[in-house]
Amino acid sequence: MKNIPYLLILSRFISAFIILYLGYFMGESAREYILMLMYLGLFTDIFDGIIARKTGVASEKLRRLDSQTDLIFWLSLGFASYFLNPDLIINEWKSILLIFSMEAMCYVVSIWKFGKETCTHAFLSKMWGLSLLLAFTYMIGFQKTGWTFDLALILGLVSHIDVILIILFLPQWQYDVPSCYHALKIRNGKQRKKSIFFN
Numbered sequence: 671m672k673n674i675p676y677l678l679i680l681s682r683f684i685s686a687f688i689i690l691y692l693g694y695f696m697g698e699s700a701r702e703y704i705l706m707l708m709y710l711g712l713f714t715d716i717f718d719g720i721i722a723r724k725t726g727v728a729s730e731k732l733r734r735l736d737s738q739t740d741l742i743f744w745l746s747l748g749f750a751s752y753f754l755n756p757d758l759i760i761n762e763w764k765s766i767l768l769i770f771s772m773e774a775m776c777y778v779v780s781i782w783k784f785g786k787e788t789c790t791h792a793f794l795s796k797m798w799g800l801s802l803l804l805a806f807t808y809m810i811g812f813q814k815t816g817w818t819f820d821l822a823l824i825l826g827l828v829s830h831i832d833v834i835l836i837i838l839f840l841p842q843w844q845y846d847v848p849s850c851y852h853a854l855k856i857r858n859g860k861q862r863k864k865s866i867f868f869n
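Per the numbering used here, numbering through the sequence shown is continuous, rising by one, with the last residue being 869.
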């Protein structure tokens with residue numbers, strides 16, 4: 671049981687490369703398979719943390735591994751969306767570049783301050799992940815952007831600002847900080863409670 675969280679993370683990592691392969695080499699015929707892998711990936715992302723907590727293997731190493739795997743997984747879906755719908759992605763390139771820049775800024779600020787990547791797993795970041803699920807479902811499944819893309823863009827901006835504030839507020843690096851409000855409480859000397867947002 672203690673190995674299951676790592677196996678779930680590994681399955682999501684492997685799925686990312688399968689998604690890239692399907693999007694690039696199989697094209698239109700792979701849309702349903704990519705969507706299935708996306709929802710399966712979400713399932714593994716939810717349960718790897720639950721099982722880790724229940725079995726007592728939740729650790730900094732696991733959380734950092736989970737966080738970086740999530741990044742690779744969602745990037746693979748972004749590239750697959752481009753392979754399948756290049757016009758949609760090109761039309762929204764400015765918004766997409768903004769999100770990429772914000773993501774990069776989170777890493778830069780965290781590495782500059784703490785010497786390691788961010789791993790907050792904040793609540794707003796989780797909401798952004800759900801909005802990405804909707805946006806990719808529309809792009810890959812229905813070949814459109816619309817309100818789901820706009821929602822993902824807004825939540826992406828807000829969640830990245832929240833992460834940057836968390837990093838700036840924290841006196842020392844730590845993982846699983848629900849919000850910048852909680853980071854500020856930590857900075858002010860409040861005792862940190864176990865995160866209820868562990869996934």
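Wrong hints could be hidden among the right ones.
Lysine-lysine pairs mimicking DSS-like chemistry, simulated, CA-CA at most 25 Å apart [stated by the list, open to error]:
hint	residue 1	residue 2
1	K814	K731
2	K724	K764
3	K764	K672
4	K855	K783
5	K814	K796
6	K796	K731
7	K860	K764
8	K796	K855
9	K724	K783
10	K764	K731
Read the hints as simulated data drawn from the structure, not as lab findings. These numbers were taken from a predicted model, which means no experiment stands behind them.
For each hint, the structure was consulted:
1. K814 / K731: violated, 38 Å
2. K724 / K764: violated, 42 Å
3. K764 / K672: Distance ~43 Å between K764 and K672 Cα, so the pair is violated.
4. K855 / K783: Distance of about 19 Å is within 25 Å: holds.
5. K814 / K796: Given that 25 Å is the threshold and the Cα spacing comes to 23 Å, the pair holds.
6. K796 / K731: Holds, because 20 Å separates the two Cα atoms, which is no more than 25 Å.
7. K860 / K764: violated, 40 Å
8. K796 / K855: OK: K796 and K855 at ~21 Å, within 25 Å.
9. K724 / K783: Violated. K724 to K783 sits at ~32 Å, over the 25 Å cutoff.
10. K764 / K731: Distance ~35 Å between K764 and K731 Cα, so the pair is violated.
The structure shown violates the earlier hints numbered 1, 2, 3, 7, 9, 10.
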